[in-house]
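2 protein chains.
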Amino acid sequence: MSDNELPVGGLTRRSLGGLGVAAILAPSIASARRMPGPDRYRPQVHYSPAKGFMNDPNGLIFHEGEYHLFYQHNPFEAKAGHVHWGHAVSSDLVRWRELPIALGETAAGQAFSGSAVYDRGNTSGLFPSGAGGLVAIYTRASDTKQAQEIATSTDRGRTFSGYPGNPVLDVGSASFRDPKVLWHAPTRRWVMVVVRSREHRVMFYASSDLKHWSEVGSFGHAGLLGIDYECPDLVEVPVEGGGTRWVLFVSINPGAPLGGSAVQYFVGTFDGRRFEAEDGATRLADFGQDFYALQTFADVDGPPVAIAWMSNWLYSNDVPASPSRGAMTLPRRLTLRRHADDWRLVQTPVPLDPIAGSSILSGPRPKRTGTLAGAAVPYGAALEVVLRFEADPGAILSVRLRNAAGEMLSACFDAGTYPGFVVDRSGTRGFRHRYMVDRAIWSAPQGTTTTDMRLIVDRSSIELIGMGGEASGTMLQYFASPPDRLEVIAEGGAVALMQLEVRSLNG
Amino acid sequence: MSDNELPVGGLTRRSLGGLGVAAILAPSIASARRMPGPDRYRPQVHYSPAKGFMNDPNGLIFHEGEYHLFYQHNPFEAKAGHVHWGHAVSSDLVRWRELPIALGETAAGQAFSGSAVYDRGNTSGLFPSGAGGLVAIYTRASDTKQAQEIATSTDRGRTFSGYPGNPVLDVGSASFRDPKVLWHAPTRRWVMVVVRSREHRVMFYASSDLKHWSEVGSFGHAGLLGIDYECPDLVEVPVEGGGTRWVLFVSINPGAPLGGSAVQYFVGTFDGRRFEAEDGATRLADFGQDFYALQTFADVDGPPVAIAWMSNWLYSNDVPASPSRGAMTLPRRLTLRRHADDWRLVQTPVPLDPIAGSSILSGPRPKRTGTLAGAAVPYGAALEVVLRFEADPGAILSVRLRNAAGEMLSACFDAGTYPGFVVDRSGTRGFRHRYMVDRAIWSAPQGTTTTDMRLIVDRSSIELIGMGGEASGTMLQYFASPPDRLEVIAEGGAVALMQLEVRSLNG
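Those protein sequence lines, which keep their order, are chains A and B. Numbers 0 to 506, taken from numbering that gives the first Met the number 0, label the letters of the first sequence in order. Numbers 0 to 506, taken from numbering that gives the first Met the number 0, label the letters of the second sequence in order.
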């Protein structure tokens, strides 16, 4: 359907004619007409390509001072298809520069998801100088086959040459994809993590030269199966307080509990052959509806840094184009926190100081009820909101972005009997879809009244990071008219703000 | 908050004053004022007590021609607390008669969830006549301790006598509850399935007399952990085409993916001591937000029959009282279906012929687009809608209940690229809550265009059963004014209805 139809629960404007719901949409459509062009939804501080369609992050690697973000990309139109590897680089993970396409379609098929490594020691023998270089490992996908190929680059990822011996791993399957390759130091081998998607199995292969792969283990038929497993990642993550665990990320699509796409993870150990989960639990990396295909950067010092695609396949082709479709989450550093008998992935967005704009609100607020703070917000600006607070039991702390047309986007923490965070996009009217839920909910341990909430709000997204990074809620959101006011409100009890920082971010 | 405040995303009417959202709510409040009293939300064909609060089903058993439904019940007010065992009986699983309370509070605490068995052979020695009788096994819960007690009845569950030797199982824990006891024929012993809720473990105990229990195994730290495991059930379920598997149901609350309460299940084998899951997968029994604490009836011939609580702890105390709060799902027969590499729980609501009302729509409809059928619906009646259909790829089939005030409740099947069901309560305006999502989504295998959908719509709920019982979506819903019209509409392509049956159901 076209973006202007503003689908609601499987309906279109036209078919809503007789219904009161039309009264909700009419003003938003009017406002939309008054707005500047499609770039009113263009992400300001989240990476999106200049044109076309983008989905999964691929080949994330830090190399020679540059962070490389490759990604699934249709350069021809803002719809999924004709998948190439797009390319962008950054020196600080927040300011990105788009570069020419790195990998394209061939007669053998599209260039599906994969990863990149620095073949430092020229283990592949594919770098005549012996100096080594970047190697991309990806799925070449036709309608009938998915096999793994490699390509090399000696110019810092600007151009790649396909290996003449491709594919390097072909099991004769049409649902075998998304290779993530890492250097496993203890066994001094390359390890490939790749999914037999329809069989819901994560396969592990090992290689000494990136060209010859032997199966060494598998994990799966575990957690939430969905229709397909996709985009696995396996990374060693530091545990707060000491030690590490290996975390296996597996994306599923469709069939996520909120509908469509989601990322789950398993915590355990990895010996270079087998991943052993520490328990039978499955955990979701994000409680929102728009967080998929999480991948981590290779060759980064310290805690891993991850990026996910900020959309959902159920409507990624239908959301308003800006004029491109598809954006990435902010990069987040990953650690693990032990929590009673449970593990929690802790996500910390990278510092945004390089793109800091003007301060909008600042300083603590004494404990009281009602409006704790409010301010006008710059037209179309991205915002960062940082709160630390102590709530009376039963109090609800809400951060609301609104406009004169009566639209509202809110994030709240409820310190009641069932404490938790809510990201609520039900009051935004720029776009609805029958497969788009209006809000997402995360439950905190009972008795939680003192915690923190960080929001990064861009023109068409909101990311909530709460409970010291344990809660991550990522949702697309579309105002018909941009919000012009932000308010922090306490209801049902008093709330003290130990910290309040609201600033704009420069695109 | 009071029911009249109609909370929306953490807001109340008052605080919405300046916002357009108020325009959504105003008419509904006006309508609500014009409506008859609270019984406008009183379930007509779903069991709810005359007054007070109800949550988990307990002690489900078929005995001497009666189906017994005991349940967690606060007889004093329509809020959770002072938990007794309420009691109702039925001869057909659809018409229930409320009986006096079966188990009450004692100095030792409240009567939390549990089960009931027929001690046919007087294995307990607690039936002097030797004729045997009913034994209830439940958790006696104080603020500091949760231990398992038993009580006996010789008058078909009308009255119970606590066993003087209670508790029969006390491990000194404050989070050890919800015993489900079954007779395990192969080992000729009673087996108790009970949870260490906060440790996320399901414990198995065995006994020859219901009075002395020994630990024989455990399962857990598996699936979705939530904050607590609750209300386990273990039952042998027939597999379509032959054979059986054991299904272990584990409810979690809060922390479900949609927010709050949910039921997951594991498929495997049980030898009387240990449950061995067939894989590491976790599966949700229902894709809606209002399905919890599923339990099956003891001593039923054929496939097991299950009932769940039709609410969610995040708002069960806040939804409109009718005047009681809490209702049960329709009883559903359970089977298992093998689906590629996956297992699907198949739920089939029991026949509703005993409460059949008048036929509203009937007969097939040829393949076309637009409104396929429409009819007025009786004021405040419960409805059953049965559809079998074939959709063109890309078509959306919607069933809509609406009223002149512009409210709408819809259920649809989308036969597009990502086929699936949606239950959408976003167009109802009788009650909103910050923790209540507006819709729930279930994804079908790609390419699905021919399937079925059955809806049971009561005054404050909707149950969707689709794909031959593989999809179950249960949601509370609150019109401000009752719906007066039903429509079946095809959009985006043509749909043929091979079967269409809409009838009212007698309360």
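Keep in mind that the hints were calculated from the coordinates and are not lab data. The structure displayed is predicted, hence computed values, not measured ones. We treat Cβ as the ideally placed atom computed from N, Cα and C, and that holds for glycine. Careful, some of the hints might be misleading.
[Unchecked claim] Partial list, derived from the structure: chain B residues whose beta carbon lies under 8 angstroms from chain A:
#, residue
1, Phe61
2, Pro253
3, Gly279
- Query: Hey, does the Pro253 (chain B) contact hint survive, CB to chain A under 8 angstroms?
  - Reply: holds, 4 angstroms
- Task: Mind checking the CB of Gly279 (chain B) against every CB in chain A and telling me if the closest is under 8 angstroms?
- Result: holds, 3 angstroms
- Interface hint outcome for Phe61 (chain B) [beta carbon to chain A under 8 angstroms]: violated, 33 angstroms
Checked against the numbered hints listed earlier, the structure breaks hint 1 alone; every other hint is satisfied.
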